[in-house]
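Work out the full structure: start from the sequences and follow the hints.
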Amino acid sequence: MNFAELGLNAGTLERLESLNYHTPTDVQREAVPAILAGKDVIAQASTGTGKTAAFSLPLVQRLVTAASEPEPRVLILAPTRELVAQLAEKLAIYSAGSGLNITALYGGANIQVQRKQLASGCDIVIATPGRLFDLLGQQAISLDAIEYWVIDEADRMLDMGFVPDVEKLSRILPGKRQTLLFSATFDDSVQGLAAKITHNAEQIALTSQRVPSLLSQQLLLLASSRKAEWLAEYVGKNNLQQVLVFTSTKQAADDLAKELTLDGIRTQAFHGDKTQGARMRALEAFKTLNCRVLVATDLAARGLDITALPLVVNFSLPDSAEDFIHRIGRSARAGQAGMAITLISPSERLAWQEVAALLDDAPEMVTPEGYALNKDSVHIQHQAAPNPAKKVFHHRKKRAATNSQGIKPHGNKSGSKFKNDKPQGGRTSGGDSGQQGNRSGKFSRNNKPSSK
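The numbering of the sequence shown is numbering that gives the first Met the number 0, which starts it at 0 and goes up by one.
To be clear, the hints were calculated from the coordinates, so they are not data collected in a lab.
Watch out, some of these pointers could steer you wrong.
In silico BS3-like links for lysine-lysine, alpha-carbon gap of 27 Å or less [claimed, not checked]:
| # | residue 1 | residue 2 |
| --- | --- | --- |
| 1 | K286 | K89 |
| 2 | K236 | K175 |
| 3 | K175 | K195 |
On a predicted model such as this, the values are computed, not experimentally measured, just so you know.
Structure, rendered in structure tokens:
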């Protein structure tokens with residue numbers, strides 16, 4: 000099947016051709032015709048399936064072919080600032096040359112600038128719930144002309160406590176509208192929300208595509224105290240230029256970013272405690288290869304969209320097995336090959352079993368050469384094992400003692416290990432803290448660390 004068979008018009012097909020989009024993904028094949036037919040849609044589609052294009056293309060086509068209105072006709076609701084920014088960027092690409100105006104509304108940006116953008120007129124509003132209600136309270140935006148309402152990452156909306164806002168919007172928006180809900184997971188709570196805000200919706204489930212088909216996986220077993228050491232060695236030895244690393248907490252992200260920076264690897268931390276400007280700068284540096292490693296928490300990274308990202312590393316397992324799928328789905332997108340490497344310690348073996356249950360082909364667990372476990376690290380499950388003998392690195396001073404996650408406490412600097420990168424110094428800060436969160440092996444949507 001090609002895009003022309005989905006009901007897209009000549010103008011849309013020309014834009015797709017210019018973007019080198021030739022074959023629709025599964026979610027696009029299912030969602031585009033339903034949206035063009037005016038149906039409500041509930042779609043379960045994970046990261047990297049092309050879901051943004053699945054709702055953007057038909058909506059842009061509908062707007063262009065209809066009479067214009069002075070007020071916004073499309074409202075797209077997203078849980079995080081980064082996701083709003085990414086969606087605005089994608090919509091601008093899909094609507095290029097159409098004359099449609101797109102406005103992104105999120106906290107951390109100047110609200111007066113956003114008010115002026117709304118006053119000058121827009122067709123599509125993409126917003127976080129908090130900033131949208133701020134502007135509604137100031138009577139800076141009207142939703143009376145909304146014809147299409149998109150809720151993206153609905154499961155994350157629930158995780159972040161936005162259900163009351165979504166339900167309130169459902170009452171505020173015109174009753175005659177088309178509602179499109181997209182969610183990576185679809186448990187009872189998401190189904191309950193969907194039932195409240197949609198009408199006779201067409202349901203689309205793409206569970207068979209949870210893990211990208213071109214994604215290779217490795218599972219490495221090593222002591223927690225040596226994870227950072229292995230990661231620095233691997234990035235340097237392979238001269239990797241773009242690696243996305245996931246940690247479970249903001250503190251762990253800061254500590255690991257500092258450790259890798261001291262090893263001479265340009266690294267940035269990316270999490271909710273960073274200012275909006277700092278996060279945008281870090282993301283831009285990562286996209287343009289001016290930052291080799293981006294260390295992120297699950298929540299902050301939910302809106303990331305990196306073209307052809309070659310490698311994702313799970314420095315620790317997430318507190319939700321579903322989040323593991325979101326993490327590794329950042330690589331091997333849009334027909335590109337990619338790799339995901341998961342580092343687990345002996346205490347994470349039980350948690351890994353629940354993650355592996357989601358995978359059709361779970362990777363075989365191996366121990367990296369030179370990182371063999373000692374007796375204590377194998378048997379101690381809930382505390383760090385004594386540090387094994389340290390691996391010798393050339394061109395590097397002796398590594399300071401590490402905490403239980405293999406991350407060195409702040410204070411002592413070590414020499415640069417790799418000649419092509421200069422250490423950046425203490426751009427992040429923070430001391431030792433527990434960084435594994437819940438490691439009981441019990442995954443739950445409600446069991447989220449509050450520090451993300």
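Hints, verified against the model:
In summary, the hint linking K286 to K89 is supported, as the alpha carbons are separated by about 15 Å, within the 27 Å threshold. Using a Cα cut-off of 27 Å, the hinted pair K236 and K175 is violated, with the two alpha carbons roughly 58 Å apart. Annotation: proposed proximity of K175 to K195 holds, straight-line Cα distance about 15 Å (limit 27 Å).
The earlier numbered hint that this structure contradicts is number 2, and it is the only one.
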